[in-house]
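Construct the entire structure; sequences and hints are all you get.
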Amino acid sequence: MSESVKQILDRLQPDSYMGRFGKVYTDTSDFMRITGGDVIVLDQQHYLVLRDEVERSYGIEDPKYWVKRCRHLESGERRLLKLVFHEKFTLQMGELKVLCYRSPRKEARILDLVRGDSRFMQGFSAEDEKDNKIRVLDIIKGKRLDNWIYKLDVDHKTYFQAYLPEILQKFIASCQAIQYLHAKGEKHGDIRRDHLWVEHGSGEYVWIDFDYTFDFHENPFGLDIFGLGGLLLYIVGKGFYSPKEIDHMYGNEKDAPDIKQEDFLLVFKNRLANLHKIFPYIPEELNRVLMHFSSGTRVAYESLDEFIHDLRPCLKQLA
Amino acid sequence: MDANKILIAVDGSENSRRSIDYVSDILRGCAQYTIKLLSIEHLPDRDFFVDDTAWKKACEKKREELLSFLYDGKQMLTEQGISENMIHTDYIENCHSPLPGEPGYCSRGTSIALDILHKAKEENFGTVVIGRRGVSKAEEFMFGSVSNKIIHSTSDCTIWVVQ
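Same order as they appear, the protein sequences are chains A and B. Under our numbering, the residue at position 261 of the first sequence is numbered 261, and the numbers go up by one with no gaps. Under our numbering, the residue at position 22 of the second sequence is numbered 341, and the numbers go up by one with no gaps.
Each hint should be verified, as a subset may be incorrect.
[As the list claims (entries may be wrong)] DSSO-like cross-link-like pairs, simulated, lysine-lysine; straight-line CA separation at most 30 Å:
{"id": "1", "chain 1": "B", "residue 1": "K355", "chain 2": "B", "residue 2": "K376"}
{"id": "2", "chain 1": "A", "residue 1": "K88", "chain 2": "B", "residue 2": "K456"}
{"id": "3", "chain 1": "B", "residue 1": "K440", "chain 2": "A", "residue 2": "K170"}
{"id": "4", "chain 1": "A", "residue 1": "K184", "chain 2": "B", "residue 2": "K440"}
{"id": "5", "chain 1": "B", "residue 1": "K393", "chain 2": "A", "residue 2": "K184"}
{"id": "6", "chain 1": "A", "residue 1": "K97", "chain 2": "B", "residue 2": "K375"}
{"id": "7", "chain 1": "B", "residue 1": "K438", "chain 2": "B", "residue 2": "K355"}
{"id": "8", "chain 1": "B", "residue 1": "K381", "chain 2": "A", "residue 2": "K97"}
{"id": "9", "chain 1": "B", "residue 1": "K456", "chain 2": "A", "residue 2": "K244"}
{"id": "10", "chain 1": "B", "residue 1": "K376", "chain 2": "A", "residue 2": "K269"}
{"id": "11", "chain 1": "A", "residue 1": "K130", "chain 2": "B", "residue 2": "K375"}
{"id": "12", "chain 1": "B", "residue 1": "K381", "chain 2": "B", "residue 2": "K355"}
{"id": "13", "chain 1": "A", "residue 1": "K97", "chain 2": "A", "residue 2": "K130"}
{"id": "14", "chain 1": "B", "residue 1": "K456", "chain 2": "A", "residue 2": "K277"}
{"id": "15", "chain 1": "A", "residue 1": "K133", "chain 2": "A", "residue 2": "K151"}
{"id": "16", "chain 1": "B", "residue 1": "K375", "chain 2": "A", "residue 2": "K184"}
{"id": "17", "chain 1": "A", "residue 1": "K260", "chain 2": "A", "residue 2": "K277"}
{"id": "18", "chain 1": "B", "residue 1": "K376", "chain 2": "A", "residue 2": "K184"}
{"id": "19", "chain 1": "A", "residue 1": "K260", "chain 2": "A", "residue 2": "K143"}
{"id": "20", "chain 1": "B", "residue 1": "K376", "chain 2": "A", "residue 2": "K88"}
{"id": "21", "chain 1": "B", "residue 1": "K355", "chain 2": "A", "residue 2": "K184"}
{"id": "22", "chain 1": "B", "residue 1": "K355", "chain 2": "A", "residue 2": "K133"}
{"id": "23", "chain 1": "B", "residue 1": "K355", "chain 2": "B", "residue 2": "K440"}
{"id": "24", "chain 1": "A", "residue 1": "K97", "chain 2": "A", "residue 2": "K254"}
{"id": "25", "chain 1": "B", "residue 1": "K324", "chain 2": "A", "residue 2": "K97"}
{"id": "26", "chain 1": "B", "residue 1": "K380", "chain 2": "A", "residue 2": "K130"}
{"id": "27", "chain 1": "A", "residue 1": "K97", "chain 2": "B", "residue 2": "K456"}
[To be verified] Not close to chain A: a few residues of chain B, all C-beta gaps over 10 Å, as computed:
{"id": "28", "residue": "S332"}
{"id": "29", "residue": "Q351"}
{"id": "30", "residue": "K456"}
These are computed hints drawn from the structure, not numbers from a lab. Just so you know, these numbers come straight off a predicted model, no measurement behind them. No residue lacks a Cβ here, since even glycine has one placed at the ideal position from N, Cα and C.
Below is the structure:
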């Protein structure tokens, strides 16, 4: 007869307090049922479920029922378990619609590819008794890069001079990490502001969440490249600037810049790409990289090689 | 390049059908031209499927559809009076296909445009015909465009882009 949760805890973590002794799961297919106090068994390792992971956006908490915060009972360490959730959905990006798919096996493959590479979240995959490919992830101790930047209590000029050189240097290293994936025929698939984290202590930037995929056959890495462009814009601007925010910055001043539609991003048309117009100390070269993602651009980056090639000299200028 | 050799790149879409229609209208009654209908296999993304069985099934379905389209395309041309022995078809398999394939050139799946141009050069086609979806600038930059890439990547043959 298999062990109960209480027996497992008594054996592996006798000193721990548990409010609820749940069930032992060796099949995670019905992930909605698995909750705090349950134990998931994978490859003879035991993971005590603490709670569902929650994504916070604009002050709203969105539970991710297929992602469980756990304690690995054999080591006592915290882990994230991503259970199998096959989801196909349309991602709305400005006016564009992109068909995306959540692929456990893609993420498992990338975890294997980047093992030991500190630029990416670490973990491994294991199959439960129904062959569900579960990803067992180390928890990153740190903060989202965008939140960290947003909370720096300095004006833009101070930020630009005191912080941006180091941030840009690390961002380029993060781009090289994605370039490595592309060279291996893989894509991140979901490059967003909240998927690049700053690790406490080391200060290194770490990519998370590789399970999205999309299918652009003539420009296979297009979404990653545009994602990095958007992230660069946020980093350089210390935020995004909509027409309303720009109006607010200048009020009725006569020296308000003449901003046209072509100065905004090609995809998200309410985000100013031509930052030079509001922050004139941004060098032309760096602004030119941003403008490749604007509505006015005539040429887009087809590869990260081109993007990084243009970005590196900007770093020297800032330094 | 042989000006009498025309390569029509097709993908089973309405744009491809329009390309075939256009060429048959232009060449009706011209005996000296040879035409090849070319299709490059584009596999459904493996990661979009729960397992390899489902993926393989989707690959089979897609291959059947494209081979059937090539057959229909040939019929469309012969019905317009173009001699059957002047029309050829070619299906380039993907190198990573789970289905059995013929030996020879295969598509690596990184650029259909470059695969088309490779065949055009290898077989000395003077004209490449391609349909156009008519995408926005944002779509073109993000998703890529086969017709635009062909236009920008060739210098030694004529390109007809059919709207």
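Structure-based check of each hint:
1. A C-alpha spacing of about 28 Å is found between K355 (chain B) and K376 (chain B), which places the hinted pair at or below 30 Å, so the restraint holds.
2. A threshold of 30 Å between alpha carbons decides the hint, and for K88 (chain A) with K456 (chain B) the separation of about 26 Å falls inside it, so the pair holds.
3. Restraint check: the Cα-Cα separation between K440 (chain B) and K170 (chain A) comes to about 44 Å, which exceeds 30 Å; the hinted pair is violated.
4. Among the hinted pairs, K184 (chain A) with K440 (chain B) is consistent with the structure: their alpha-carbon atoms are about 28 Å apart, no more than 30 Å.
5. A C-alpha spacing of about 39 Å is found between K393 (chain B) and K184 (chain A), which places the hinted pair above 30 Å, so the restraint is violated.
6. Taken as a hint, the K97 (chain A) and K375 (chain B) pair is honoured in the structure, with Cα atoms around 26 Å apart against an allowance of 30 Å.
7. Among the hinted pairs, K438 (chain B) with K355 (chain B) is consistent with the structure: their alpha-carbon atoms are about 10 Å apart, no more than 30 Å.
8. This hinted pair checks out: K381 (chain B) and K97 (chain A) have alpha carbons roughly 23 Å apart, not beyond 30 Å.
9. At roughly 25 Å between alpha-carbon atoms, K456 (chain B) and K244 (chain A) fall within 30 Å of each other, so this suggested pair holds.
10. Simply put, K376 (chain B) and K269 (chain A) have alpha-carbon atoms about 40 Å apart, too far for the 30 Å limit, and the pair is violated.
11. Proximity of K130 (chain A) to K375 (chain B) is assessed by CA-CA distance (about 21 Å); at most 30 Å being required, the pair is judged to hold.
12. At most 30 Å may separate the alpha-carbon atoms for a hinted pair to count; K381 (chain B) and K355 (chain B) meet this at roughly 20 Å.
13. At most 30 Å may separate the alpha-carbon atoms for a hinted pair to count; K97 (chain A) and K130 (chain A) exceed this at roughly 34 Å.
14. Using a Cα cut-off of 30 Å, the hinted pair K456 (chain B) and K277 (chain A) holds, with the two alpha carbons roughly 24 Å apart.
15. At most 30 Å may separate the alpha-carbon atoms for a hinted pair to count; K133 (chain A) and K151 (chain A) exceed this at roughly 37 Å.
16. Restraint check for K375 (chain B) and K184 (chain A): satisfied, since their Cα atoms lie roughly 23 Å apart, inside the 30 Å limit.
17. Of the pairs offered as hints, the one joining K260 (chain A) and K277 (chain A) holds, with about 10 Å between alpha carbons and a cut-off of 30 Å not exceeded.
18. Among the hinted pairs, K376 (chain B) with K184 (chain A) is consistent with the structure: their alpha-carbon atoms are about 26 Å apart, no more than 30 Å.
19. Pair hint K260 (chain A) plus K143 (chain A) does not hold up; C-alpha atoms about 35 Å apart against a cutoff of 30 Å.
20. Distance check on the hinted pair: K376 (chain B) and K88 (chain A) sit about 18 Å apart at the alpha-carbon level, within 30 Å; holds.
21. Distance restraint check for K355 (chain B) and K184 (chain A): the Cα-Cα separation of roughly 34 Å exceeds the 30 Å cut-off, and the hinted pair is therefore not satisfied.
22. Only pairs whose Cα atoms come within 30 Å are accepted, and K355 (chain B) paired with K133 (chain A) is rejected, the gap being roughly 45 Å.
23. Between K355 (chain B) and K440 (chain B) the CA atoms are separated by roughly 13 Å; this keeps the pair inside 30 Å, and the hint holds.
24. Taking the CA atoms of K97 (chain A) and K254 (chain A), the gap is about 39 Å. The hint is violated against a cut of 30 Å.
25. About 39 Å separates the Cα atoms of K324 (chain B) and K97 (chain A), which puts this hinted pair outside 30 Å; it is violated.
26. A C-alpha spacing of about 28 Å is found between K380 (chain B) and K130 (chain A), which places the hinted pair at or below 30 Å, so the restraint holds.
27. Between K97 (chain A) and K456 (chain B) the alpha-carbon distance is near 14 Å, which keeps this suggested pair within the 30 Å criterion.
28. For S332 (chain B), the requirement that its beta carbon stay farther than 10 Å from each beta carbon of chain A is met, with the minimum near 13 Å.
29. Against chain A, the non-interface label of Q351 (chain B) holds: every CB pair exceeds 10 Å, the least being about 33 Å.
30. The claim that K456 (chain B) is not at the interface with chain A is violated, since a C-beta of that chain comes within 10 Å of its own (minimum 7 Å).
Hint violations for this structure: numbers 3, 5, 10, 13, 15, 19, 21, 22, 24, 25 and 30, all remaining hints satisfied.
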